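Student: These protein sequences, in sequence, are chains A and B. Per this note's numbering, the first sequence runs over residues 12 to 887. Per this note's numbering, the second sequence runs over residues 1014 to 1126.
No wet-lab data here; the hints were simulated from the structure. Keep in mind it's a predicted model, so treat the numbers as computed, not measured. Be careful, since some hints might not be right.
[Claimed, not checked] Selected chain A positions facing chain B (in silico; Cβ < 8 Å): (1) HIS38; (2) ARG42; (3) PRO794.
[As the list claims (entries may be wrong)] Here chain A is said to cover these stretches of chain B; the calculated rule only asks that three of the stretch's residues, wherever they fall, bring their Cβ under 8 Å from a Cβ of chain A: (4) 1027-1040; (5) 1105-1117.
[Unchecked claim] Residues of chain A placed beyond 12 Å of chain B at every Cβ, according to the derived structure: (6) ARG21; (7) VAL137; (8) ALA235; (9) ARG799.
All residues carry an ideal CB built from backbone N, CA and C; glycine is no exception.
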Amino acid sequence: MRPAPQDDVRADRLRERQDLDEEIAAHLAHRVDDLVSRGLSTEEARARARQEFGDADRVRIASRNVRDRARRRRKRSSAFETARQDVSFALRQVRHGRGFALTALVTLMLGVGAAVTITSVVTAVVFDPLPFDDPERVVFAEMVTPAGQPFAVSEATFLDWRREVRSFRDAAAFANRAGTLRRPGQPSSISVGHVSHSLLDVLGVRPLLGRAFRASDDLPGTEASVALISHAMWRTDFAGDPTVLGTSLDVDGRLLQIVGVLPDGLDVLLGDTPVFVPLRADPTSDRGDHDVDVIARLASGVGFDVARSELADVQERLSRTHAADLGWSAQLHPARWVLIGETVERAGWILIAAAIVLLVMACVNVSNFLMVRSTARRTEMALRTALGASQGRLVRQLFTESSLLAAVGGLFGLALATMALPALRAAGGGRIPRLETAQIDPTALFVGVLAIALATLVCGLAPVVQLRTDRLSSSMAGRGGAAGDPGGRLRSALVTGQVALTVLLLSGTGLLLRSFVELTAVDPGFEAEGTLAFSVDMPDGSWSFAERAELIPLLRDAVSSIPGVRAAGATAVEPFSGSALGNFVAPEDRLPDRASGFTPIQWRVVTPGFFEAMGMELLAGRDFTESDDWENGTPIVIGESLARQTWGAESPLDRELVWGDPEGSRMRVVGVVEDLRDVELGQVPSPIVYRPHRQIPWAVMTMVVRYEGDAAAITAAIRRRVPETVPGLPVGEVESLGEKLRRAVGEPRFNLQILSGFAVVGLILALIGVYGLTAFDVRRRYPEIGIRLSLGARPQAIRSMILRQRMRLTLVGIVVGLGVAWLASGAMRSLLYGIAPGDPLTWLCVTLVIVVTSMAATYLPTRHAVRVDPSRVLNG
Amino acid sequence: MTRRDLLQGTLDLLVLRTLVGGPRHGYEIARAIKSSSADVLQVEEGALYPALHRIEAREWITASWGLSEKNRRAKFYSLTDLGHEALAAQSKSWDEYVRAVAGVMADAPGRAP
Chain A
12 MRPAPQDDVR ADRLRERQDL DEEIAAHLAH RVDDLVSRGL STEEARARAR
62 QEFGDADRVR IASRNVRDRA RRRRKRSSAF ETARQDVSFA LRQVRHGRGF
112 ALTALVTLML GVGAAVTITS VVTAVVFDPL PFDDPERVVF AEMVTPAGQP
162 FAVSEATFLD WRREVRSFRD AAAFANRAGT LRRPGQPSSI SVGHVSHSLL
212 DVLGVRPLLG RAFRASDDLP GTEASVALIS HAMWRTDFAG DPTVLGTSLD
262 VDGRLLQIVG VLPDGLDVLL GDTPVFVPLR ADPTSDRGDH DVDVIARLAS
312 GVGFDVARSE LADVQERLSR THAADLGWSA QLHPARWVLI GETVERAGWI
362 LIAAAIVLLV MACVNVSNFL MVRSTARRTE MALRTALGAS QGRLVRQLFT
412 ESSLLAAVGG LFGLALATMA LPALRAAGGG RIPRLETAQI DPTALFVGVL
462 AIALATLVCG LAPVVQLRTD RLSSSMAGRG GAAGDPGGRL RSALVTGQVA
512 LTVLLLSGTG LLLRSFVELT AVDPGFEAEG TLAFSVDMPD GSWSFAERAE
562 LIPLLRDAVS SIPGVRAAGA TAVEPFSGSA LGNFVAPEDR LPDRASGFTP
612 IQWRVVTPGF FEAMGMELLA GRDFTESDDW ENGTPIVIGE SLARQTWGAE
662 SPLDRELVWG DPEGSRMRVV GVVEDLRDVE LGQVPSPIVY RPHRQIPWAV
712 MTMVVRYEGD AAAITAAIRR RVPETVPGLP VGEVESLGEK LRRAVGEPRF
762 NLQILSGFAV VGLILALIGV YGLTAFDVRR RYPEIGIRLS LGARPQAIRS
812 MILRQRMRLT LVGIVVGLGV AWLASGAMRS LLYGIAPGDP LTWLCVTLVI
862 VVTSMAATYL PTRHAVRVDP SRVLNG
Chain B
1014 MTRRDLLQGT LDLLVLRTLV GGPRHGYEIA RAIKSSSADV LQVEEGALYP
1064 ALHRIEAREW ITASWGLSEK NRRAKFYSLT DLGHEALAAQ SKSWDEYVRA
1114 VAGVMADAPG RAP
């Protein structure tokens, strides 16, 4: 039978006791031998030895205590198994290395995570090729007004271009127009894409199902009978049904047969338009009706510049032969330039630069820590070398440790990116084209692996370099002391560099933040909060001009009578829809003799009450009334910038503007309203003319409702009241204009969110870096600090001494960082709004943040240091 | 000549140092410390053996019975690999300590140039 544990201990103790007794006896015997050899008698020697040894029992007790403690430790570790031992060892290592392993992992995770996340996003948004075949050969062709502004193209002009420009292999035109989709239940107002049959050919894509339009579908003067549907509509409305072909859709009262489904990804060009019909471009259409966009594919072997100059030549000829085109020219742009845009591309590069900065900081931090640790392990290395470990063996060991660290940290980084991406996709809020396609793609993965490899290399080499330096320094060991710290200067440089990089990141973020604040402070010219908007559609086939002119006031009255509604009025251009109608005007009293001297303007049809519902201030004159029909002349209301631009300080009231060309109709100004910024908040508002709905009863109107109280109740009342008033009238979603306004600042906000995230990560990395290095330096100086303390130095004095030394490095870093940031800030100019790249307030704030962070990172280790117990230094 | 008592911890360091040359038994260790410090450092036997056992428990040294040069049975202690490392680390911090003290003493005001 196995003895009980207690018996085990007792047996151990007995054995140890006997062992110790024998050991003491041996000691005494040796001492006696010594003393006898010096001439003492055996008796004297024994007495003397015993006396020298002192109380043997005290020794026995002390020794037993020592062994009991060791036994307890062993027992504990066996009871909790080796796992506990490993964990506590790891924890001890972490504690001992001042959080070394943990810090390194967090550092790598942040650095690699940021790099992978941002590469994924930027790749998807900026660098991924457009979803067309050979996308570099796809171009946009557009008109340019006599004043030099880009403009849409007329159907007749498009047909001429398509026929005459031989640099185009083919061209296609497309336009989104409002339509009514009638399905069982309430008819809905949707956007219908009118596209040339050549569109898919130009893009080089095939329908997912069925066929594209044929030339025979696209003949002018025919009625549309076939339709294509978007991939999104096929997935949601038809649940991805493969037998959808042949199904009929009731669009604007006509039954269209679905002949094909478009492939996924075309929304970058076509938006969320669900239904497409043939454009049936009319060669006899008015060249003054600029209402389609033109996209073309360059013929093989033809360069962009050749095509551009040929298009310019063709349009120059057309401008000579067609009066409406007088003074107009044509311009060509790469599809990338139009669909992605310079701003987004620039933002992408800036984000990539920020990611690289973070990655570099992470690698510097980690190699720093490894270097610090290897200094601590210097003796271990030296000893192993002395014991015969080959240099290669040591390098291999260090490299293995470093690789393990970098690989695990890198994996953590990938995990972080996996979690961060969905958050970013959500933050983009639909304003960033193609953001939703962002996922950890092979490119990003490659970048991640590259980052890991880079970190491994840097980390792995650091201790080896240190080892070599050690040899060098030990050969000069005689010089000793503080001067013999070759890593000291390097570490100082690293602290400085890290601070500088953080300053760079923070400056970029600060500028975007300030610019975002400026942008959201822009007065859009109307009160977005407290408004709802919905569109109504009265297509040509179903409602006559006269009917529309009567229905809209009816509808307005019905909505106005809902309790809580303060004002209601309609507009033909939905706020923040991005669409705009252009034309030209000139003052009657200074009429140019040619159309090219006219001022380009935007114009909109509105009903009485619209300005009030929008909260736009009437600066002079009056609003429209229901009696502003053709009988009452042609009254217009103009925006304040057009008034100022045309008549300066004089009153524009009762003056006349001429519409379109010198023979155009004369229009009398009856009112002036605030300018409106509802296309791009950051842009200067265009000159604008409002015309009364009574005279131009537009088919698609957006009713804007100003209300007080519960939006949901009012929305429900609108949804009920509209069909009661006008049965069968298709109504769109009821939306809040405030929501649309917030979406309009979506892109700047997104840039800001990403860069802020980066700045925070950067700040954490800098904090870790400065803290780690300071802690290490302070620890090296423990003996010095201990002695100073025991000689009476006040802790306060020691603390401020160290703080002063570190802050000097920080300040150098700030100066360097601000310098670089100043040089780099020019690149951000196009992303900023309302501030200059060298914004002093931003830079002041950045400096403050860094100083505070750096002080905190320095203070913590010093606080610990002044509590050093001098006797601890003695024990190591 | 004054004899100085050893601070705790320092004894461990000295014991380890003494064992660098090879295995030694307790009496030899005490004598070696005394003689190599020119009789300045006095090891109290009462402290030596508990210290040896403590260091043994840390596995910096191992013990085994053998015969001494005087042909007596004695317990011999020798350094383990771990002990070598510990000695190296402790020597280093000791060096730093000494250097720091020397540095501060050199800076101390009132010292003749």
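Student: Each hint needs a verdict: does it hold in this structure or not?
Tutor: Status of each hint after checking the structure:
1. HIS38: Holds: closest Cβ of chain B sits about 5 Å from HIS38 of chain A, inside 8 Å.
2. ARG42: For ARG42 of chain A, the interface hint holds, since the closest Cβ of chain B sits about 6 Å away, which is under 8 Å.
3. PRO794: holds (4 Å)
4. 1027-1040: holds (count 3)
5. 1105-1117: Coverage by chain A holds for the stretch 1105-1117 of chain B (10 residues, Cβ < 8 Å).
6. ARG21: Check passes; 18 Å lies beyond 12 Å.
7. VAL137: holds (53 Å)
8. ALA235: holds (87 Å)
9. ARG799: At roughly 7 Å from the nearest Cβ of chain B, ARG799 of chain A sits no farther out than 12 Å, so the non-interface label is violated.
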